[in-house]
Amino acid sequence: MAMTKRAAGKKETITEETIISTYMNQVLEKHQEPASVFHFCKESKMEETLFYSFFPSLDGLKEAIWIKLFENAVSGLKNEEAFETYSNRNKLLSLYFTFFEILTLNRSYVYFVLKENKQGLQNLKQLRKLRNRFKKFIQEEIQTTVTDKHEKIDKIAKPVLSEAAWVQFLFILKFWVEDTSIGFEKTDIMIEKSVKATFDILDTTPLESLFDLGKFVWKERFN
Amino acid sequence: MKTGLKVGGNYLAYYGEKMVNPSLTKDKLNENNAEDIYDGLKNLKGSALKVAQMLSMEKNIMPKAYVEKFSLAQFSVPPLSAPLVRKTFKRYLGHYPEAIYDSFTPDSVNAASIGQVHKATKNGKQLAVKIQYPGVADSISSDLAIVKPFAIKMFNLQGKDSDKYFKEVEHKLLEETDYKLELKQGIAIAKACEKIKNLRFPVYYPEWSSEKIITMDWMEGEHLSEFAARNNDPETGDRIGQALWDFYMFQMHHLKQVHADPHPGNFLIDKETNLIAIDFGCIKHVPEEFYVPYFELARPEVIDDPKLFREKLFELEILRTDDTPKEIEYFSGLFHQLLSLFTQPFHGDYFDFSDEVFFENIARMGEEFSKDTQLRKMNGNRGSQHFLYINRTFFGLYNLLHDLKARINTRNFEQYIPQ
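From first to last, the protein sequence lines stand for chains U and Z. Residues 1 to 223 (the working numbering) make up the first sequence, in order. Residues 1 to 419 (the working numbering) make up the second sequence, in order.
Some hints here could point you the wrong way.
[What the hints assert, rightly or not] Derived pair list, reagent style DSSO-like, types lysine-lysine, alpha-carbon separation capped at 30 Å:
{"#": "1", "chain 1": "Z", "residue 1": "Lys90", "chain 2": "U", "residue 2": "Lys135"}
{"#": "2", "chain 1": "Z", "residue 1": "Lys125", "chain 2": "U", "residue 2": "Lys186"}
{"#": "3", "chain 1": "Z", "residue 1": "Lys90", "chain 2": "U", "residue 2": "Lys68"}
{"#": "4", "chain 1": "Z", "residue 1": "Lys119", "chain 2": "U", "residue 2": "Lys196"}
{"#": "5", "chain 1": "Z", "residue 1": "Lys195", "chain 2": "Z", "residue 2": "Lys125"}
{"#": "6", "chain 1": "Z", "residue 1": "Lys119", "chain 2": "U", "residue 2": "Lys91"}
{"#": "7", "chain 1": "U", "residue 1": "Lys30", "chain 2": "U", "residue 2": "Lys91"}
{"#": "8", "chain 1": "Z", "residue 1": "Lys122", "chain 2": "Z", "residue 2": "Lys271"}
{"#": "9", "chain 1": "Z", "residue 1": "Lys172", "chain 2": "U", "residue 2": "Lys193"}
{"#": "10", "chain 1": "Z", "residue 1": "Lys191", "chain 2": "Z", "residue 2": "Lys307"}
{"#": "11", "chain 1": "U", "residue 1": "Lys186", "chain 2": "Z", "residue 2": "Lys377"}
{"#": "12", "chain 1": "U", "residue 1": "Lys68", "chain 2": "U", "residue 2": "Lys45"}
{"#": "13", "chain 1": "U", "residue 1": "Lys78", "chain 2": "Z", "residue 2": "Lys119"}
{"#": "14", "chain 1": "Z", "residue 1": "Lys90", "chain 2": "U", "residue 2": "Lys136"}
{"#": "15", "chain 1": "U", "residue 1": "Lys186", "chain 2": "Z", "residue 2": "Lys195"}
{"#": "16", "chain 1": "U", "residue 1": "Lys45", "chain 2": "U", "residue 2": "Lys129"}
{"#": "17", "chain 1": "Z", "residue 1": "Lys180", "chain 2": "U", "residue 2": "Lys193"}
{"#": "18", "chain 1": "Z", "residue 1": "Lys148", "chain 2": "Z", "residue 2": "Lys405"}
{"#": "19", "chain 1": "Z", "residue 1": "Lys195", "chain 2": "U", "residue 2": "Lys193"}
{"#": "20", "chain 1": "Z", "residue 1": "Lys195", "chain 2": "Z", "residue 2": "Lys164"}
{"#": "21", "chain 1": "Z", "residue 1": "Lys125", "chain 2": "Z", "residue 2": "Lys184"}
{"#": "22", "chain 1": "U", "residue 1": "Lys186", "chain 2": "Z", "residue 2": "Lys172"}
{"#": "23", "chain 1": "Z", "residue 1": "Lys271", "chain 2": "U", "residue 2": "Lys186"}
{"#": "24", "chain 1": "Z", "residue 1": "Lys167", "chain 2": "Z", "residue 2": "Lys256"}
{"#": "25", "chain 1": "Z", "residue 1": "Lys122", "chain 2": "U", "residue 2": "Lys174"}
{"#": "26", "chain 1": "U", "residue 1": "Lys78", "chain 2": "U", "residue 2": "Lys135"}
{"#": "27", "chain 1": "Z", "residue 1": "Lys119", "chain 2": "U", "residue 2": "Lys193"}
{"#": "28", "chain 1": "Z", "residue 1": "Lys90", "chain 2": "U", "residue 2": "Lys193"}
{"#": "29", "chain 1": "Z", "residue 1": "Lys90", "chain 2": "U", "residue 2": "Lys196"}
{"#": "30", "chain 1": "U", "residue 1": "Lys186", "chain 2": "Z", "residue 2": "Lys256"}
{"#": "31", "chain 1": "U", "residue 1": "Lys78", "chain 2": "Z", "residue 2": "Lys164"}
{"#": "32", "chain 1": "U", "residue 1": "Lys186", "chain 2": "Z", "residue 2": "Lys180"}
{"#": "33", "chain 1": "Z", "residue 1": "Lys90", "chain 2": "U", "residue 2": "Lys115"}
{"#": "34", "chain 1": "U", "residue 1": "Lys42", "chain 2": "U", "residue 2": "Lys78"}
{"#": "35", "chain 1": "U", "residue 1": "Lys91", "chain 2": "Z", "residue 2": "Lys122"}
{"#": "36", "chain 1": "U", "residue 1": "Lys135", "chain 2": "U", "residue 2": "Lys42"}
{"#": "37", "chain 1": "U", "residue 1": "Lys91", "chain 2": "Z", "residue 2": "Lys90"}
{"#": "38", "chain 1": "Z", "residue 1": "Lys122", "chain 2": "U", "residue 2": "Lys78"}
Bear in mind the hints are in silico, worked out from the structure with no lab data behind them.
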C-alpha cells in the first residue's frame with residue numbers, strides 16, 4: 001500500500017505516493033497542517049518545483065489523498081474474484097467494508113483532518129473529488145434493472161441513487177470517526193444495517209410510487 | 001420501559017373486555033402480552049434473544065402463548081451479509097475463507113442465536129463454521145438492562161441482592177460470546193465423555209477458530225425433536241434417551257460441570273441412531289456447596305424429614321433468615337410438594353419418561369402456582385443463583401427425554417465414573 005509510515009528517503013525517486021506519505025507523516029508529527037507549499041517543502045527538504053509537478057496546491061494534494069485511499073479500496077475489490085458476481089447489496093457492502101478498512105489503516109490522519117483540526121464543515125471541501133469518484137463507481141457497479149417502463153425513471157434514478165449512496169457514506173464516515181468500539185466493530189454493524197435498510201426500501205417500494213408521491217408533494221406545496 | 005407499559009395496558013384491556021365478555025380466557029391476554037414482549041425483544045439480536053429462548057424452554061412454567069411466540073424469536077435474526085463474513089474472517093483469522101477452506105458457502109445455512117453457521121470443506125472433510133454476530137458481547141449488558149425491570153416485576157424480586165440472578169445470567173451470556181472458551185469446553189467434555197455409549201461429538205479445529213469463529217466437523221443428522229416426532233421404535237428412543245441421561249448425570253456428578261443448554265436444537269441423531277451433542281457455549285460449573293444440598297434434596301428420606309428438609313432449604317437460600325414464620329411455613333410446604341414430584345426420577349433405579357401423568361402433574365403444579373395469588377405477593381428473591389441454570393438444565397433434559405418417550409436406568413451412568 002502506498003501510505004506506509006516510512007518517510008520518503010532523499011535518494012528514492014519522488015512520486016505522487018512518496019509526496020503523499022511525506023505529507024501525511026508531517027501532519028501527524030507536527031499535529032497541524034503546513035501553512036503553505038513553501039512550508040511543507042522546506043520541512044521535507046523538497047524542491048517546490050518538484051511538488052508542483054505533481055500537485056497544483058496543498059488543497060489539491062489533500063483531495064488526492066482521499067482519491068488514493070479510495071482507489072486502494074477499489075483495487076482491493078477488483079482483486080476479489082467473486083466481486084463481479086455479487087448482488088448490488090453485497091457490492092455496496094464490500095465497498096464500504098473495504099474502504100473503511102483502508103481508512104482504519106490511516107485512521108490517525110483521517111481523524112486529524114476530519115475532527116481534530118476543528119474546521120468543521122470546511123473539511124468536506126477536500127472530499128469534493130472523492131465524491132465524484134465515488135459516485136462514478138456506484139454508477140458503474142450498481143446495476144439498476146431497466147425495463148421499458150422504467151427507462152425514464154432509470155435515467156433519473158442512477159444519479160439519485162449514487163447521490164444517496166454518497167450521503168450514506170458521509171453518514172457512516174461521521175459514525176466511524178466517532179466510533180469508540182474495539183476494532184470499530186460498531187461501524188461494521190452500522191454499515192450492515194444501513195445498507196440492508198436501504199435495499200429493503202428499494203426492493204419493496206417501486207420507484208414509481210416514490211415519484212408519484214414526489215409529484216404530489218411538489219404540486220401541493222411548491223406550486 | 002416501553003414493554004412494561006404495554007403489558008400493563010394489555011391487562012387493562014383484558015379486564016375491560018372481560019366485563020363485556022365474561023367467557024374471555026386468560027390465553028388471549030397471554031397471547032397479547034407475549035406478542036408485545038416479543039415485539040420488544042425481536043429487535044434485539046443476541047443476548048435478549050437468549051433470554052427469550054431461556055424463557056421459552058420452560059414449556060410447563062410459561063403459558064403456552066409465550067412459548068409459541070418466543071420460539072419464533074429464534075428464527076427472526078437477519079443473517080450476516082457475505083461481505084461482512086469475509087471481513088470477520090480476515091480480521092480474526094487473518095485470511096479470507098477461500099484461503100482457509102477448499103470450499104465455503106458465502107450464505108449461512110443455519111442461524112444460531114448469537115451467530116450463524118456456514119458449510120465448508122477441507123481435504124475432503126465436511127465442516128461446519130460458526131460465525132458470531134459483531135457487537136453481541138457489547139450489547140449484553142444493555143440488553144439485560146431492558147429485560148431486568150420486566151423480570152423483577154414478573155417474578156416479584158425484592159431486595160437489593162436480586163442482582164445476583166442478573167449477574168449470573170450476564171456472566172453466562174458473556175461466556176457464550178467467547179468462542180475460544182466454547183472450543184476449549186467442547187474439546188474437554190468430548191474427551192471426558194468418550195466412553196459413554198451411543199454418544200458422539202464433533203471434532204473441533206483450533207487452527208481455524210478464534211474468538212468469533214469456530215470450525216468443527218459437519219455432523220450429519222436429524223434434529224432430536226424431529227427424530228422424536230417420527231420415531232416409533234421404543235427401544236431406539238430408550239437407547240438415545242439413556243445416552244442423554246448418562247451424558248448429563250456423568251457431567252453433573254463426576255465433572256461437576258454441565259452443558260446447560262439442553263435445547264432440542266443442540267442435539268442431533270445420526271443414521272446409526274447415536275446421539276450427537278453440539279454447542280458447548282453454555283457450561284455451568286456446579287460448586288460443591290450447591291451440589292451437596294441440591295442432590296440431598298433429591299432423596300425421599302430427606303424430603304420427608306421436616307427438620308432436615310428445612311435445613312437444606314436454608315442452605316440453598318430458598319428459605320431466608322429474614323422470612324416471617326408464615327413465609328417459612330408457606331415455602332416449606334410449597335417446595336415439599338414441588339420437590340417430591342420433580343425429583344421422582346431420582347428416587348429409584350428406573351424411570352419412565354414417557355409417563356404422561358408425571359408431566360401432567362408438573363404442568364398442573366405450574367398452573368396452580370401461577371394462579372396462586374398469595375405466592376405472587378411474596379418475595380420471589382429466594383434460592384441460590386445456581387438454581388437458574390441447573391434447573392433450566394433439568395427442565396430441558398426432562399422435556400427431551402419425554403419427547404423421546406425414553407425409559408431410563410437412572411444409575412447406569414455410574415459405570416463410567418472412575419473409582
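These are the hints, each one checked on the structure:
no.	hint	result
1	Z:Lys90 / U:Lys135	27 Å, holds
2	Z:Lys125 / U:Lys186	35 Å, violated
3	Z:Lys90 / U:Lys68	22 Å, holds
4	Z:Lys119 / U:Lys196	23 Å, holds
5	Z:Lys195 / Z:Lys125	24 Å, holds
6	Z:Lys119 / U:Lys91	22 Å, holds
7	U:Lys30 / U:Lys91	38 Å, violated
8	Z:Lys122 / Z:Lys271	23 Å, holds
9	Z:Lys172 / U:Lys193	27 Å, holds
10	Z:Lys191 / Z:Lys307	42 Å, violated
11	U:Lys186 / Z:Lys377	43 Å, violated
12	U:Lys68 / U:Lys45	23 Å, holds
13	U:Lys78 / Z:Lys119	25 Å, holds
14	Z:Lys90 / U:Lys136	28 Å, holds
15	U:Lys186 / Z:Lys195	45 Å, violated
16	U:Lys45 / U:Lys129	28 Å, holds
17	Z:Lys180 / U:Lys193	27 Å, holds
18	Z:Lys148 / Z:Lys405	36 Å, violated
19	Z:Lys195 / U:Lys193	47 Å, violated
20	Z:Lys195 / Z:Lys164	37 Å, violated
21	Z:Lys125 / Z:Lys184	21 Å, holds
22	U:Lys186 / Z:Lys172	23 Å, holds
23	Z:Lys271 / U:Lys186	43 Å, violated
24	Z:Lys167 / Z:Lys256	21 Å, holds
25	Z:Lys122 / U:Lys174	41 Å, violated
26	U:Lys78 / U:Lys135	17 Å, holds
27	Z:Lys119 / U:Lys193	24 Å, holds
28	Z:Lys90 / U:Lys193	20 Å, holds
29	Z:Lys90 / U:Lys196	22 Å, holds
30	U:Lys186 / Z:Lys256	38 Å, violated
31	U:Lys78 / Z:Lys164	53 Å, violated
32	U:Lys186 / Z:Lys180	21 Å, holds
33	Z:Lys90 / U:Lys115	28 Å, holds
34	U:Lys42 / U:Lys78	39 Å, violated
35	U:Lys91 / Z:Lys122	27 Å, holds
36	U:Lys135 / U:Lys42	37 Å, violated
37	U:Lys91 / Z:Lys90	17 Å, holds
38	Z:Lys122 / U:Lys78	26 Å, holds
Of the hints listed earlier, those the structure fails to meet are numbers 2, 7, 10, 11, 15, 18, 19, 20, 23, 25, 30, 31, 34, 36, in rising order.
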